[in-house]
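2 protein chains.
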Amino acid sequence: MPLINRLAIIGVGLIGGSLARILREKGEVGEVVGIGRGKANLERAVELGVIDRYAHDPAEGVSGADMVFLATPVCTIADIVKTIAPSLSPGCIITDGGSVKGDIVRACEPLVPAGCHFVGGHPIAGTENSGVEASFATLYQGRRCIITPTEHTDRGALDKVVRMWQLAGSNVVQMDVEKHDRVVAAISHLPHMVAYSLVNAVGEYDGCDENILKYSAGGFRDFTRIASSDPVMWRDIALQNRDSILEMMDLFADYYARLRALVACGDGAAIERFFASSKEHRDGIVNQAALPSVKEES
Amino acid sequence: MPLINRLAIIGVGLIGGSLARILREKGEVGEVVGIGRGKANLERAVELGVIDRYAHDPAEGVSGADMVFLATPVCTIADIVKTIAPSLSPGCIITDGGSVKGDIVRACEPLVPAGCHFVGGHPIAGTENSGVEASFATLYQGRRCIITPTEHTDRGALDKVVRMWQLAGSNVVQMDVEKHDRVVAAISHLPHMVAYSLVNAVGEYDGCDENILKYSAGGFRDFTRIASSDPVMWRDIALQNRDSILEMMDLFADYYARLRALVACGDGAAIERFFASSKEHRDGIVNQAALPSVKEES
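Residue numbers (the UniProt record's numbering), protein chains in the order written: chain A, 1 to 298; chain B, 1 to 298.
Some hints here could point you the wrong way.
One copy or two, either will do: identical chains are not told apart, so a pair holds if it fits within one copy or between any two.
Lysine to aspartate or glutamate pairs mimicking EDC-like chemistry, simulated, CA-CA at most 20 Å apart [what the hints assert, rightly or not]:
| # | residue 1 | residue 2 |
| --- | --- | --- |
| 1 | LYS214 | GLU280 |
| 2 | LYS179 | ASP243 |
| 3 | LYS179 | GLU25 |
| 4 | LYS179 | ASP79 |
Keep in mind the hints are simulated off the structure, nothing from the lab.
Produce the complete structure using the sequences and hints provided.
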């Protein structure tokens, strides 16, 4: 018997499509209903066998589903939950893949009718591509997925969401929403703020009478790849995870100011210690990443 | 007739070895003498056919050379030029591959005896590997090489160094040392300062009772790859290019503070503009990089 009888996926792109693919491949879902606005993408999803059928109207699409997965931009999730709430079948579980959890979980929990359950989630996976064409069954294999239960979370619903992500191949970790938002602010949102600032600073530097970005080599391009990320998506993240992002931005600014002071006074020994400490941290995560993923499972 | 009769390479690693390989491959060098301290590396260089013979003593090794290429750490270059100066043959050209030019060129020009010539250079190429084993003939293919002549530079010596790098496949650009140091501070040194600071900040964050680096995914790892760079090498660069690095660090800090203010006041439209501007700059360099390299040649 499959884990899920009818799965409704709102937003059939890389994230939603990849979840559907792996659950179908494993025989853990009876039927998949895709919900979205773009007809061409949804028809392609049917052709590819990612979904069985689709609906444009979320309220219609979630009818009869025992699991709803929201894979839409973070700022749309609460509104969609509000829209679908009256149409949810008893016992239905709603979960999401949003990269910010505090605002979403606080907004969604009270919107879900009695007998239905909201469980916040965040699979830490992705590629630079989007749309259902880009989805693939192994996207979540060995990647972390953070689930953020609260004191209101139904235990059975939580277990089922955890199980769903484990079946997708993820290493599931549970933490509270505040910790989640700090962790992603540090490892994802802060690097984006830094990269966007760096590229603007260098790109607008006017001390050389020409755009010096043209001298950039592979290192600069690799380092700044994330500055090519979607401005609208990142605007929404910056607004939704503001407090944690500001905390991490200030933390970075402290370290950066410390390094600036060391460079300004030419303290070679302290500069070397600063760099060596960073290299040690960085090499540590790479070595950890090289461990078999099963060891990371908690 | 080859461009160079006897090439002495001080520091037979990735940079020096790759230059020797391509010049030999093109028949543009008569003999290559490797100079260094590590016997095993130099013997391996002979076995690989990168050099013909080697010497441990720089003064002995440069004897009879018409071109000397210094591919050693930036802080060692002036001392080595001082050491070899009395042993240089008349007409010998000394050039280097150091990633900082102001301090090096100012120190080396007066050290070179009359009739010999110093020309500062900086091939913008590299990989994460080091040692002669890592060298390969196409390292410089299509990459930029910045040559930094001064008012004292001999025209014939300059032409020969430019020709050497063009033969190696580089797109050679000439600029004054101050501009060079600003450009590399912006596109290379600043990103390193930022990456080292970021990894230290996140790695030492103590608000979650555990090391949150363990949650980092591929994006963080890619972004911080340069924080695994050699601390000693980067200490020397920070000391040697201090003024330009401080200028660029302050420029970055201005943009970063501006973004922080936008996030703090939740100005979504301005945040989006900031990100979109950055994306435009970043996409611009990637598109430029995709042009055939011959178009970039100046």
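Outcome of the hint check:
no.: 1; hint: LYS214 / GLU280; verdict: between (32 Å within a copy, 13 Å between copies)
no.: 2; hint: LYS179 / ASP243; verdict: within (12 Å within a copy, 40 Å between copies)
no.: 3; hint: LYS179 / GLU25; verdict: neither (33 Å within a copy, 57 Å between copies)
no.: 4; hint: LYS179 / ASP79; verdict: neither (24 Å within a copy, 52 Å between copies)
In summary, the structure is inconsistent with hints 3 and 4 from the numbered list given earlier, while agreeing with the others.
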